[in-house]
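A.B. asks: Sequence:
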Amino acid sequence: MKNAEGKLLIINFIMLLSVTFTMRSSTNMLMTVVPVFTKYVINADVFFVGLTATFYGIGAMASNIFVNGRISVDKTPKVIFAFLLVMTLGIFIYIFSTNIYEVLILSGITGLSMGVVQPLLMTVTNAIAPPEKRDRYIAAYTAALSLSLIFGVLLEGLILSYINVRYAFVIFFFIALFSSTGMYVLSTRIHIPAKSTKTRSFKEIISRASTSLKQGKVLFAMFGNISYAFPFILLITYGSIIGKEYDGISPGIFLYLLALFYGVSFMSRLILSFRQVKNKEFLMYAAFGASILGYLLVGIDTGIVMFIAALLILGFPHGAIFPLSTSYIAASVDVEYMNIVYSVFLLIMDVIAFVIPFIFGLISELYNIKIAIYLTLLPMALLIAISVAFNLKDNKVHKKAASPEKI
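Quick note: the sequence shown uses the numbering used here, first residue 131, plus one each step.
Treat the hints as calculated values from the structure; they're not laboratory data.
Here the structure is a predicted model, which means the values were calculated and not measured.
Treat the hints with care, as some may be off.
Taking lysine-lysine and the DSS-like style, the derived pairs with C-alpha atoms no more than 25 Å apart in a straight line are [to be verified]:
no. : residue 1 : residue 2
1   : Lys263    : Lys408
2   : Lys523    : Lys410
3   : Lys408    : Lys529
4   : Lys344    : Lys169
5   : Lys169    : Lys205
6   : Lys137    : Lys344
7   : Lys374    : Lys500
8   : Lys263    : Lys374
9   : Lys526    : Lys347
10  : Lys169    : Lys263
11  : Lys169    : Lys408
12  : Lys137    : Lys208
13  : Lys263    : Lys410
14  : Lys408    : Lys500
15  : Lys523    : Lys344
If you anchor each label on the Cβ, the simulated ranges turn out as follows [as the list claims (entries may be wrong)]:
no. : residue 1 : residue 2 : range
16  : Pro509    : Leu284    : 29 to 35 Å
17  : Phe222    : Pro260    : 35 to 41 Å
18  : Glu411    : Ile434    : 33 to 39 Å
Beta carbons are placed, not taken as given, at the ideal position from N, Cα and C, and that holds for glycine.
Make the full structure from the sequences, and use the hints.
C.D. replies: Dropping the structure here:
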C-alpha cells in the first residue's frame, strides 16, 4: 500500500514539475519579450518599457493582497488551474495588441494571474512533500523553474533572431495552454486536507501574516530574497536594452546570453535538490556577495566579456537564494497557513517589482542606465545588511534559549 502511495506521489510531483516548467516558460516570456515588443514593435520609449513591468507588478500585488490569503489550502489546486487559464487567454490577446495601452492592461491581467499561481504552486509542493524530503522537493521545484527559464530564453532567442517578435506570443500561447491542461488534471488528483474550509477574513490574514513576520528566519529569508529582486528585475526588464546600448548586443543574442545566467541558476538548484545542505547560512551569505559583485559588473561598460561574466556570477544567487529562502519559510510555518505567508513573501517582491522598473526607468531618462544601476545598488546592499542582521539576532536568541541556566 505504501509503495503504491509513493508511486502516486512521484507521478503527481513530476506532473507538478511539468506544470511549473511550462508555466514559468510562459511568464518569463512575458517578462522578457514584452519589453522588446514594447520598445521595438509598439515603438514606446524606455519609460513605458519599465511601466509594463510596473503594471505586471501591480497585478501580482493585487492578487497577493485580495486573493491568495483567502484561499483554503484544500482549494489551492483548482484555483491554480483557473488563474493559469486566465494567463493563457491573456497571452493569446497579446498577439493582436497594437498600442501601449493594450499592452499595459494585458500586463496587469497576466501579472494578476502570476501573482496567484506562483505562491500557490509553492504551497502545493510543500503540502505533498514528505517532511524529511521537503528541502529537496523545494529545490527540485525551483530547479524546474530555472530549467524552464533556459528553455524559454533559448526559444525566444530563436524567435527574435528569425521570426517576428509578435509570433512569440503564438508559440507561448500553446505552451501556456499545455500548462493549464496539466493543472486541470492535477486538480482532480491532488487532495490536500484542511483543518478549516471557511473563507478567512482580512483581519485573520493580517494577524497570521504579522505573527509569521516576527520570526527571525522568516525575515532573514524575506529580506534576502527581496535584495536579489534588484539585479533580476534589471536583467529581465532592461537587460536587452543595456546589452544593445552599451555593448552592441542584439536582443536575440542577449536572450542566448541570458540562457547562461539561467544555466548557472539551474545547476545551483539541481545540486540543492540532490544534496542536503549542511550550512545554509554560509551559502546565503556567499550568494549575497555574488549579487553585489555581479550587479556592479553589469554597470561596467567594457564589452561583451564583462557582460557575460556578470551574468554568470548573478546566476549563482538566482539559483541559491530563492530555494533557501523558501526552505527557511517552510520550516517555520504550518502548511495550513502557507498560502498566507508565501503571499506576503511574494507581495513584498511584487512591490519591489512595481517600484524598481519605474524608478530605474525614471533615473535612466534623467541621466543614463549606468547611473541608475549604481544608485539602485545602495538600497539593495541595505536590504542584504538588514537580512543578515535579522539572522544574527535570531541565532543569538536561539543560542541563549538553548544554553542551560546557571544556578
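A.B. asks: Give a verdict on every hint.
C.D. replies: To see whether the hints hold, each was checked on the structure:
{"no.": "1", "hint": "Lys263 to Lys408", "verdict": "holds (14 Å)"}
{"no.": "2", "hint": "Lys523 to Lys410", "verdict": "holds (16 Å)"}
{"no.": "3", "hint": "Lys408 to Lys529", "verdict": "holds (18 Å)"}
{"no.": "4", "hint": "Lys344 to Lys169", "verdict": "violated (43 Å)"}
{"no.": "5", "hint": "Lys169 to Lys205", "verdict": "violated (40 Å)"}
{"no.": "6", "hint": "Lys137 to Lys344", "verdict": "violated (39 Å)"}
{"no.": "7", "hint": "Lys374 to Lys500", "verdict": "holds (13 Å)"}
{"no.": "8", "hint": "Lys263 to Lys374", "verdict": "violated (44 Å)"}
{"no.": "9", "hint": "Lys526 to Lys347", "verdict": "holds (12 Å)"}
{"no.": "10", "hint": "Lys169 to Lys263", "verdict": "violated (45 Å)"}
{"no.": "11", "hint": "Lys169 to Lys408", "verdict": "violated (46 Å)"}
{"no.": "12", "hint": "Lys137 to Lys208", "verdict": "holds (22 Å)"}
{"no.": "13", "hint": "Lys263 to Lys410", "verdict": "holds (16 Å)"}
{"no.": "14", "hint": "Lys408 to Lys500", "verdict": "violated (38 Å)"}
{"no.": "15", "hint": "Lys523 to Lys344", "verdict": "holds (12 Å)"}
{"no.": "16", "hint": "Pro509 to Leu284: 29 to 35 Å", "verdict": "holds (32 Å)"}
{"no.": "17", "hint": "Phe222 to Pro260: 35 to 41 Å", "verdict": "holds (38 Å)"}
{"no.": "18", "hint": "Glu411 to Ile434: 33 to 39 Å", "verdict": "holds (35 Å)"}
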